[in-house]
Amino acid sequence: MSGDDDFRPRLGRIGNRSGGTRGSMRAFLKGARANGRLRRRSSPASPRGFAGDRRAIIQARFVKLGGGGMGAQRAHLGYLQREGAGKGQERAEFYDAEHEGVAGQDWLESAKDDRHHFRFIVSAEDGQSLDDLKPFIRDLMGQMEIDLETRLDWIAVDHFNTEHPHTHIVMSGRSDDGRDLVIPREYLSHGMRERAGAILTRDLGLQTAQELEAKLSAGITERGVTGIDRVLTRQAGENGQLDLGHVRRHREHYQARLKFLETHGLAEPVGGTLWQVRPGLTEQLATLERRDVVATRTARAVEAAGLERVAALPDEQERSPRAVIGKLLVIARNDELSDRSHAIIDGLDGRVHHYELGSSYTQGLQPGDFVRAKPRAGGALEMDRIVEDVAKAHGGTYTASLHREHDRSVSPKDLGLIRNRLAALSRQSLVLMEGEARFDGCTDLVLRVEEAAFRAAKRSPTMLLRIDTMGLEAQVNARGLTWLDRHLAGENDQEVGYSGLGGEARELARQRRAVLVERGIAQAGRSGALEPQAIERLHIQSMHDYGRAYAGESGLAYAPYQPGREVSGKVMPVSDGQSPVFARIEYARQFTLVPWSRDLEGLRARQVTLSWSLSHGIQMTRGRDLGLSR
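Using our numbering, you'd call the opening residue of the sequence shown number 748 and step up by one each time.
What the hints contain is simulated information worked out from the structure, not anything from laboratory work. Honestly, I wouldn't trust all of these hints.
[Unchecked claim] DSS-like, lysine-lysine: derived pairs with alpha carbons at most 25 Å apart:
no., residue 1, residue 2
1, 1139, 1205
2, 834, 881
3, 1139, 1160
Predicted model only: the values in this text are computed from it and were never measured.
Taking the hints into account, I'd like the entire structure generated from these sequences.
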């Protein structure tokens, strides 16, 4: 060397030969791909993650704000800032890069024009060793700004309501130049986690041998996917065989984990140091973990309600098309990242059921409500296929007359059912309803119904509906028609057991009949089904009760209907949570009520003229649509 200036250090990460700007995301990702760190950090014989570096678990979610996305995001921020989630069970508070005590809803209002947001949950493996999570999160977000080459607009909240402290981050989806922020999947999957791990290792130092030993030992009997399982899966390869002789470190932990997997039928010894790992190991472990989560949720709900119940078999209710009616014990979010939720129901069959609700909108439902849960039906119906066959021969149009030409044997009842079905599909924009009996766009009806059913089931696998505004106990002395009355009339298709809630419902139904006899509504000395006349009287009483209540809420005058009198107005269905039970006919700042009829199915929000009587039902003159100008 001729002098001190002859030495020119090369700045940047060790081994980074990307040639990019120091700290840039492009250089980081390009260099990481070049040396295989993102996918192949080490050889199978030297598993990743046991060299002493600190790690962080990061979950990411992309959230669109269109449609109901902003409402869901507003609810999410309110959920994150709830009481009891902060340190010392205090209320959790948001912060950003410079300030604490940030108002989350105000921040959301300032970012309401974004097309999308990002949600992150950052859980440092050794977060309990940090006195405060805020410096770690601010360093991580600062490093992300360098990587993504833009200023980031974000807020975060630290939660201490679980075994491991963790942080929720909500980030704007707009970069500092005003364009939509796009983050490469590879960075979200690997780069962000490596950045967090590097910061933790810098702050806490490398893990000690004792720490590594404790973490490996804790995962041996875990009924879920662990780091050891991922290494075993990589080592096993396509044939599912692995040789422990190739594992140089922590071999005893791997062997202990394999023996635990053997007890669940997921691995078996072949001989010597060879083991056979069952295909789909991580997926089957994830299923075991999910069943444990469901069992824990169910046990906690039963214990909190002070009940003695038998839980339904795992996944049984979600695979069966059968509906379950019962009392809602719990309705809650699955986790703190998604908007998906679940419900636990004390069923009339005497068992407790767990249902995944997905992102279904369930506002207004409360524990104690009497509800009906049913796995969402998938696929098209046979009548959809018939409609498509008729429409294909007539340019995509379906009418009852065209159907009669296609099939002379079709009955008026079947034509009515098909019309109601198409009216319902028109409300989902799957067909176009012209007038009262013509439906266009039916050429590929089956395909569109199948696609819509798939999207609906993915978004919300279970339909959860309140079937009575009162609990079973309150129904005993109710004035109007209740579920207990329908049960007494034999209209209930739900299995009612002799134990648990089913046994209680049978006793309450007996008490309800005695009340109806005392009021002169049901006949004394009979133990069979409730008489049709009693159901009609209770139904009319329900209409009057609803009419008086709605008049007080809406300011419209309630005009009790006189059988045989003609009335004209706009048809609005009134539902009990499952289906319409009567129709509200609105006209001239007043309204009247009549029992619901299938003939009204396609006339929602339309102008009609009708009359009704107990003997002849609804006699109707159909009117016109109420357009936007009306």
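*Mind listing which of the numbered hints don't hold for this structure, in increasing order?*
1
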